[in-house]
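Please take these sequences and the hints and turn them into a complete structure.
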Amino acid sequence: MTAELLSQSLRLALPEVILAVGALALLMIGVFSGEKSAPLVTGLAIALLAVVGAMLIFMTGDGQAFGGAFVSDTFARFMKILALIGSITAMVMSMGQAKALELDKFEFPVLLVLATLGMMVLISANDLLAFYLGLELMSLALYVVAAFSRDNLRSTEAGLKYFVLGALSSGMMLYGMSLVYGFTGNTGFDEIATVLSSEERGLGLIFGMVFILAGACFKISAVPFHMWTPDVYEGAPTPVTAFFASAPKVAAMAILVRVVSEAFLPILADWRQIIVFVAIASMLLGSFAAIGQKNIKRLMAYSSIGHMGYALVGLSAGTETGVSGVVLYMTIYMVMTLGTFACIMAMRREDGTYVETVEDLAGLSSTKPFMALVLTALMFSMAGIPPLAGFFAKYFVFVAAIEAKLYALAIIGVLSSVVGAYYYLRIVKLMWFDEPKGQFARVSGELRLIFGLSGLFVVAYVLIGGPIGSAASAAAKSFF
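The opening residue of the sequence shown carries number 34 in the working numbering; numbering runs sequentially from there.
Because the hints were derived from the structure by calculation, they are not lab data.
Note that the structure is predicted; figures quoted are calculated from it, not measured.
The beta-carbon is built from N, C-alpha and C at its ideal position, and this holds for glycine as well.
Between beta-carbon pairs, the in silico distance windows are: (1) N328 <-> L47: 40 to 48 Å; (2) D223 <-> L201: 26 to 34 Å; (3) S231 <-> A200: 29 to 37 Å.
Here it is as structure tokens:
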């Protein structure tokens, strides 16, 4: 690679380069400042992510770097900004209660920055090798973060389960990549698409595609690769769970969209069957399994499985409308999820214990009226009730499915949405109509800010949704 090409590549990948150098610098600061440096490193990490996010907002010009392995386009920039917002929010959530949750070590923010770097590489991957590198950088950091409270049995169990199943899914994905490479002779997405559109596709190639899709579905916790989700969400500390449920899912969904819209577009009919099946299974399991859940974080785990199903409805259309629906869905999903987890974190008893069960939310409206109001708005939005943000998210993916003549998929989606509304409304009923079960401790300022803003976003989306919708459409145009 000549010096000119290298400088051009580095210019396109500048946010990633800054994040990588910044992560190493943070590690050095932590090591040299000793044990008490966690608040300083966390603050610097948040500033670093914010700077990179600002760079992405003002970056223009699309192009490919490193011999086509890395691509910078509107879609990549939009999804990266989303992932950065998720990471920053998770860090801010962990700040006030780091000690209580055993997250007061400087390695924690550094790991989150490295995971975010992996996500950004993953979102921009335009080659199977870059795809795998980004995925592994993200996953390795996430394995450690899941088991970060190492004195807590449930946290270590969560980390171990995630590690074992994650390693299995990475292996499957790598096997799929080797098959695709073997049958097409290329690892670049554009080259794979060219080969697929020109010749007969062998059975081995279809197997390769299935394995790659399976690995991606594991990361977004879609059925049948969702087994790890409830246990990891329940066992990991709440800020970590909020992080797992937001940023990595955005990145994994982004690469799934890129793989099927670029590399596998010529074999649309083949991958559509898989995505439709996974979408239906995820929506149904997410709706029915959540009904019986007592633990609030497990309930959120099944809820997120269902939400990934709805997002995949848009992807299965395989059209520009569908992709813009997916982008919009992930944006709204992330805001709702982070707001809900901020509420869950704010529900701390006076003796410092955290609320675990859904029943503990009883009578929240009389003890913490503002929080009950916000949580009600978020639950209504997750149930997809108009005119809240969640309704528009579902509306656009279902419209895309109907335009692509996937009527059965859209009908099943609407029906499972109705079933899913039950457990969201159950929480609302508990908060407003049941007797309170004891006092909660004072809510910290940063948590109040997070759930206040997400509640505002969900309610005011009718008014502010235009620019977000057009940004999502612009992102989808990168592929079509």
